[in-house]
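Let the hints inform the model, and build the full structure from the sequences given.
Protein chains: 6
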Amino acid sequence: MGTVPLLEDDALAPRARAVFDDIRATRGTDFINNFWRALAHDPDTLEAVWSRLKSVMAAGSLDPLTKELIYIAVSSANGCDYCIHSHTASAKSKGLTPEMHTELLAVIGMAMQTNGLVKALGVQTDDAFLA
Amino acid sequence: MGTVPLLEDDALAPRARAVFDDIRATRGTDFINNFWRALAHDPDTLEAVWSRLKSVMAAGSLDPLTKELIYIAVSSANGCDYCIHSHTASAKSKGLTPEMHTELLAVIGMAMQTNGLVKALGVQTDDAFLA
Amino acid sequence: MGTVPLLEDDALAPRARAVFDDIRATRGTDFINNFWRALAHDPDTLEAVWSRLKSVMAAGSLDPLTKELIYIAVSSANGCDYCIHSHTASAKSKGLTPEMHTELLAVIGMAMQTNGLVKALGVQTDDAFLA
Amino acid sequence: MGTVPLLEDDALAPRARAVFDDIRATRGTDFINNFWRALAHDPDTLEAVWSRLKSVMAAGSLDPLTKELIYIAVSSANGCDYCIHSHTASAKSKGLTPEMHTELLAVIGMAMQTNGLVKALGVQTDDAFLA
Amino acid sequence: MGTVPLLEDDALAPRARAVFDDIRATRGTDFINNFWRALAHDPDTLEAVWSRLKSVMAAGSLDPLTKELIYIAVSSANGCDYCIHSHTASAKSKGLTPEMHTELLAVIGMAMQTNGLVKALGVQTDDAFLA
Amino acid sequence: MGTVPLLEDDALAPRARAVFDDIRATRGTDFINNFWRALAHDPDTLEAVWSRLKSVMAAGSLDPLTKELIYIAVSSANGCDYCIHSHTASAKSKGLTPEMHTELLAVIGMAMQTNGLVKALGVQTDDAFLA
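Residue numbers (this note's numbering), protein chains in the order written: chain A, 35 to 165; chain R, 35 to 165; chain D, 35 to 165; chain B, 35 to 165; chain X, 35 to 165; chain Y, 35 to 165.
The set of hints was computed from the structure by calculation and includes no laboratory data.
For lysine-lysine, the following BS3-like pairs were computed, each having C-alpha atoms within a straight-line distance of at most 27 Å:
no., chain 1, residue 1, chain 2, residue 2
1, D, K88, D, K128
2, B, K128, D, K126
3, A, K126, R, K128
Some chain Y residues close to chain R (C-beta under 7 Å, calculated; not the full set):
no., residue
4, T37
5, D76
6, T79
7, G113
Beta carbons are placed, not taken as given, at the ideal position from N, Cα and C, and that holds for glycine.
Structure (structure tokens):
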């Protein structure tokens, strides 16, 4: 699969190489996953996505593992296989246990089910829920 | 809106009334939101969904607030306005602060963006991510 | 709402008027719902969609009511409120009973749930299921 | 693919084994498809999904084949490849003919098309369609 | 993968063969991609889809390459891998440069992101945007 | 609707006010649409989204109007009503004619239809389409 070739390290433009260097330093590993190798054709987007991702996924009011669970939830609803696999791996590296994983899956399944029911029923939002 | 009328309390079948009683007792409020009033035409599904929801959303390895965040994430990706509003209200009642809310939104936006990029690029899953 | 104005009968181009005439004759009612009034700005697409819809939704190996159920299912997954409402109304006019409606909803909810679980689990298709 | 390993029979917890026994007895085959083997890590969800699925997909006001068509429709809109394949196989075992299959596909395609048009046009729901 | 076998040329019904002939003549190549071979089981839908596609994707107020970009955008949001790959190939044959491709991807990512933010925020449409 | 209140100008934090100033200067209008007023609770995301949007939607290898069409296409597939309305208005201000609009809609409808057919058929990607 793939609509662009994956770029090997020796094919990177200088700005893309700098992003790869930062990914490696930030993650403490030499491994660069395919998403970045595909995105590396466009140093602008590569820089923008990586820099924003690093900031958004960092610890804040929500911890990094919780953020990975949210990421997996969105990716599951959207059916992005790659994203599900990469962020499940990332969540495991941040402490996701098998018990947490099964609970995450149960909530995703539950939300999908009621999303479908609500839409098919055309339920109007209660006034109590509006900000 | 609505493909079925919302059922008032005096129009409920006995099994639906029992579910409403349990919703009220569990939540400690007399308020029943529209989703349950729309679903009440079908006591089977009403019972199944409520009973499973109560179990799935309870504290476990993940806390109830984290589960609400996951629920909102799925509902946002699916574009279920009702679900987003009802579960954001529920999350607030379970401790969601404005700071947590903004971080939740930022992660949802980030995941949506990379979901789209990954799909358009057709990125193949790295072997390292397979269980 | 609306990204284009809805066209009244006296604003129709001749080819659009001919399609409206055929909708009225086919359905045996003077009522033209908003979708067609919005689409009428483009007689090409209006003709193509109406003519294909009439053919696809007609009785064949599947009866017209079953086809409406399939239509509602797709529209619910896609979150198209208008389509859900219009095709639920259409299904009712073709014999959808409240019992059938509740079963339709239960199946939609079930499918949504397992769709989410399957995606989050990244389940590989069994060889037995390939044509 | 897969975010969890598929469980073989000898790795099942007792409650998961009981569900597998019931799947085999209900379907009259020894074959257990991958979805259940992935879900078996979580006996709670396995039990809840299987037991609800068995009830929801049984004959009622809608026959089992019609329910499979609805399932395929939802799964196609959601892009769940596994679900499309498994429920198309199931539909075939319940009597889906090639003629019915082609009509199902035509309706799915039609619904997808008008879903997209309606959304892009922002069509407001006609009062006549509200319950 | 596949819920139907792909039809080889010698298995085509006469009406399907005629469509294949027209695809070959229109595109100036003997190659028929898998989509048409899967759709060929149903000459009605094959004819309707091909004939409408040829008309819709032809040069008009929008040029053919712009139409391919729109097609890729929809397919990316829907997660249709096949469609993304086939229409990216088609776009390249119509002049898509690597620079245009990276800009297309950036816009898709941006739109996905704000779609998610808007939905999670439940933003109400400004009056200024209504037609 | 809304999960957060829309912020009026006098409720903005300094960094949010600076973004609003730049939106007004860039667009040459005093009008700020609801999306930015909802996002303004989070100056980080407001800055990041606006600054990236301004860069991504600017003229490059693709012209600004083409980029708006791509944006509308993604938003239609995702069913983001707000985004469809705001970017259709934006496209009109950049030269979208009624003829171009109808062609855009026809392509969106076509892509939605074949996305659904391809998924329901489970068509495997042709080797010829892989980069």
